[in-house]
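2 protein chains.
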Amino acid sequence: MAHLSILGTGNMGQAIAAVAGNGGHTVQLLGENDTATQISGDVVVLAVPYPAVSDVIAQRGESLAGKIVVDITNPLNFETFDSLVVAADSSAAAEIAAALPQSRVLKAFNTTFAGTLAAGTVGPLTTTVLIAGDDADAKSALAGILTSGGLNAIDAGALKRARELEALGFLQLTLAANEKVSWTGGFGVIA
Amino acid sequence: MAHLSILGTGNMGQAIAAVAGNGGHTVQLLGENDTATQISGDVVVLAVPYPAVSDVIAQRGESLAGKIVVDITNPLNFETFDSLVVAADSSAAAEIAAALPQSRVLKAFNTTFAGTLAAGTVGPLTTTVLIAGDDADAKSALAGILTSGGLNAIDAGALKRARELEALGFLQLTLAANEKVSWTGGFGVIA
Numbered sequence: 001m002a003h004l005s006i007l008g009t010g011n012m013g014q015a016i017a018a019v020a021g022n023g024g025h026t027v028q029l030l031g032e033n034d035t036a037t038q039i040s041g042d043v044v045v046l047a048v049p050y051p052a053v054s055d056v057i058a059q060r061g062e063s064l065a066g067k068i069v070v071d072i073t074n075p076l077n078f079e080t081f082d083s084l085v086v087a088a089d090s091s092a093a094a095e096i097a098a099a100l101p102q103s104r105v106l107k108a109f110n111t112t113f114a115g116t117l118a119a120g121t122v123g124p125l126t127t128t129v130l131i132a133g134d135d136a137d138a139k140s141a142l143a144g145i146l147t148s149g150g151l152n153a154i155d156a157g158a159l160k161r162a163r164e165l166e167a168l169g170f171l172q173l174t175l176a177a178n179e180k181v182s183w184t185g186g187f188g189v190i191a
Numbered sequence: 001m002a003h004l005s006i007l008g009t010g011n012m013g014q015a016i017a018a019v020a021g022n023g024g025h026t027v028q029l030l031g032e033n034d035t036a037t038q039i040s041g042d043v044v045v046l047a048v049p050y051p052a053v054s055d056v057i058a059q060r061g062e063s064l065a066g067k068i069v070v071d072i073t074n075p076l077n078f079e080t081f082d083s084l085v086v087a088a089d090s091s092a093a094a095e096i097a098a099a100l101p102q103s104r105v106l107k108a109f110n111t112t113f114a115g116t117l118a119a120g121t122v123g124p125l126t127t128t129v130l131i132a133g134d135d136a137d138a139k140s141a142l143a144g145i146l147t148s149g150g151l152n153a154i155d156a157g158a159l160k161r162a163r164e165l166e167a168l169g170f171l172q173l174t175l176a177a178n179e180k181v182s183w184t185g186g187f188g189v190i191a
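Chains A and B, in that order, give the protein sequences.
For what it's worth, the working numbering labels the leading residue of the first sequence as 1, then goes sequentially.
For what it's worth, the working numbering labels the leading residue of the second sequence as 1, then goes sequentially.
Don't read these hints as lab results, they were simulated from the structure.
Quick caveat: nothing in here was measured; it's all calculated off a predicted structure.
Glycine included, each C-beta is placed from N, C-alpha and C at the ideal position.
According to the in silico footprint, chain B covers these stretches of chain A (three or more CB under 8 Å from chain B):
# : region
1 : 112 to 125
2 : 144 to 157
3 : 169 to 181
Go ahead and model the full structure; you've got the sequences and the hints to work with.
As structure tokens, then:
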């Protein structure tokens, strides 16, 4: 059984907490007013919007040393919906990994809308979470939590692949914003 | 009824030809030994690997003026399977559009494996072709060909979105190469 800390009580944080709970894991769910509360989880999900990540790292970076830290962000320019705000040859996950050199940083959840995590399905398919990262044990630990909670998980490669995952998340958001797919649909994975 | 020219007789060219044929459209399928044959289609699909595109443009660029030109490439570094060979802030489609300023260039088919085009399905889903481009009429024409042939088609936005489509195609190829998905699977779209 794993113990997770989820920072962020929005739709994504709540959906990820429910998946972990379904799998029999324990969750500490921390909101923005809980800054005085120590993080107790070995797996920490940064379920906050990209612009809030730097503050979280400034406040809690030291306490994240040694932990698995999961970046779920889609670093879009939400004013234009036409570009990412990270460098074209980088990713939010790469930035976070650079800022947290003592943590094992994973990219996950940014390609699955909250509704598909909460339902466990996307259309006729079981929801699949794509996980990128440089630490195989950390990826395996997160995948185990997700599969015990009823989802599928796929190792999408090294943390470098976060760039492609963020492009996929960006594309999916533009499709939903333009009503080409619904917020309970999007990309599913057929193994 | 549309008339297509498909340059390239590999799995992708054959599968795209079959979809068009299913929709009642006519197809001129040209192989690498047909360089003397004039292109007769109003919609021209460059169903060749990315490294062969520049030669096709050098040989046939003038005859592509005024036509809809469809780029299907995934410009991977196939030696490393770890990066694209186009600039991080660009795309193969953007390069092709710059080289063919008198053509209406679309990006399509790079996110659908040949097997899913040939079958018309990916798992339990109808295969969906994502189309990016700056000319709405051209996108609509291609979408009409595909839906008449039994597939789904989604307008994925401006040609600038080819960058994200190429990231998605790249990611999907790495998943298949690493046996995380099969060559008849991959990403499906749930509207």
